[in-house]
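Chemist: Fit chain B to the known structure of chain A by using the hints.
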Amino acid sequence: MSEHAHLEAQELLPWLANGTLAGTELERVQAHLKGCAQCRADLAALHTLRAAAPAAPDLDMEGALARLLPPAELPPAMPRPAAPGTAAALPPARGWRARLAANDARWLRMAVGLQCCAIAVLAALLLRAAGSADADAGAYRVLGAAAGAQSQLIVMFKPDTPERELRRIVLDSGARIVGGPTATGAWVLGTEAAPAALAQRLRGQAAVTLAEPLGAEGRP
Amino acid sequence: MDRTPDDPAILARTAEGEACLVGRIAAGDRRAFEALYRAYFPRLGRFLQRMTRSTALIEEIVNDTLLAVWRKAATFDGSSKVSTWIFAIAYRRACKALQAVDEPVEAGGDEREGLDADRPDWQFERVRLAQAVDAALSALPLAQRTAFQLTFYHDMSLTEIADIMDCPVNTIKTRLFHARKRLVLLLDGQLEARQ
Chain A
47 MSEHAHLEAQ
57 ELLPWLANGT
67 LAGTELERVQ
77 AHLKGCAQCR
87 ADLAALHTLR
97 AAAPAAPDLD
107 MEGALARLLP
117 PAELPPAMPR
127 PAAPGTAAAL
137 PPARGWRARL
147 AANDARWLRM
157 AVGLQCCAIA
167 VLAALLLRAA
177 GSADADAGAY
187 RVLGAAAGAQ
197 SQLIVMFKPD
207 TPERELRRIV
217 LDSGARIVGG
227 PTATGAWVLG
237 TEAAPAALAQ
247 RLRGQAAVTL
257 AEPLGAEGRP
Chain B
53 MDRTPDDPAI
63 LARTAEGEAC
73 LVGRIAAGDR
83 RAFEALYRAY
93 FPRLGRFLQR
103 MTRSTALIEE
113 IVNDTLLAVW
123 RKAATFDGSS
133 KVSTWIFAIA
143 YRRACKALQA
153 VDEPVEAGGD
163 EREGLDADRP
173 DWQFERVRLA
183 QAVDAALSAL
193 PLAQRTAFQL
203 TFYHDMSLTE
213 IADIMDCPVN
223 TIKTRLFHAR
233 KRLVLLLDGQ
243 LEARQ
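Each protein sequence line maps, in turn, to chains A and B.
Numbering-wise (my numbering), the first sequence opens with residue 47 and increments by one.
Numbering-wise (my numbering), the second sequence opens with residue 53 and increments by one.
Be aware that a few hints might be false.
DMTMM-like, lysine to aspartate or glutamate: derived pairs with alpha carbons at most 20 Å apart [claimed, not checked]: (1) B:K225 / A:E49; (2) B:K233 / A:E211; (3) B:K225 / A:E54; (4) B:K233 / A:E49.
FYI, nobody ran anything at the bench for these hints, they're computed from the structure.
Bound-form chain A, shown alone (with noise of 0.2 Å):
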């Protein structure tokens, strides 16, 4: 038995037992291993070792799929070659989506049914604020809503000024809180007056650390 032909029996009796090994390689070592207790002695080990497989982990393929689809948000594949023989032999290719919104008659009448209740429940709700705005008009206004001759201002105030003063401040200048505080510690006031002037005056309190006039879209 020579050295070498063992030790490469050896290094490659994992490949004879996962029936993977072909060609002369194959005939080496099966030729080796007739004469070789210890190589077949260990082909035999590796064999319970193959058959001792770890149980296979507990995932959920479905769920992953569904993470990775609808198909209709994969990504493009990188390059499409347009390859007009094979594409009018494919299937047609179809998420699920498509699917729904394609033939199915039941689907289609639910859909249209859903959206006239959505939009009658839009229409009711229009019709109420429209009657409760024209009631009193002096009401909350939205911040969007850019109707109306009043102005907008944003004014910021310094952290630690007393709401006694922040009240005296907004009394004086004779606007109204209409918005806030913001995220940012902002507030929005509303003016029948001119907002650069009115602007102008708050800057001059010393709590006051800004004060801007909104834009016509509400915004500065």
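Modeler: Below, chain B alone, put in the same frame as chain A:
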């Protein structure tokens, strides 16, 4: 459901069929992608299980790998098997992900011990050996462990493993040689006792 030879689920069962699926994926066929996904999810899951205990991380790496397959399908040139190509992507992604996480791989045998009380003896023996192998494998360096499981649990050839791990064939031989020596020591006679 149709079960023609063109069916992606059927194609996913052979190496030639898989190559055909990759071609379709390159053309944007999502059904082909789903079939390949379902074929490889369990295989990659088992492969990655030896690298991290976190099932969430395993699923993430598998998804990451198969998304790369979707994106790069057109670059697959057929010079290797589809399985070699996909496992190579998975191995690279796993190495990268594990570097970022730096999570120690633990044996994890203890928490399962209580489940074995009522098993019959022969089954108990098998489970115990599987657990012992599991624990011993966890003690190996990542490169040895990877070469070992690609050989024994995924039945890959020497050249395929060299391709996946991007190193010479001789390096794989050496890695597995050392892995076996370590395992024999760690398993301490448990393999011989069963013959």
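Chemist: For each hint, tell me whether it holds in the structure or not.
Modeler: Verification of the hints:
1. B:K225 / A:E49: holds (17 Å)
2. B:K233 / A:E211: The hint is violated at about 82 Å.
3. B:K225 / A:E54: holds (10 Å)
4. B:K233 / A:E49: With Cα atoms ~19 Å apart, K233 of chain B and E49 of chain A stay inside 20 Å; holds.
The structure fails hint 2 only (numbered hints given earlier).
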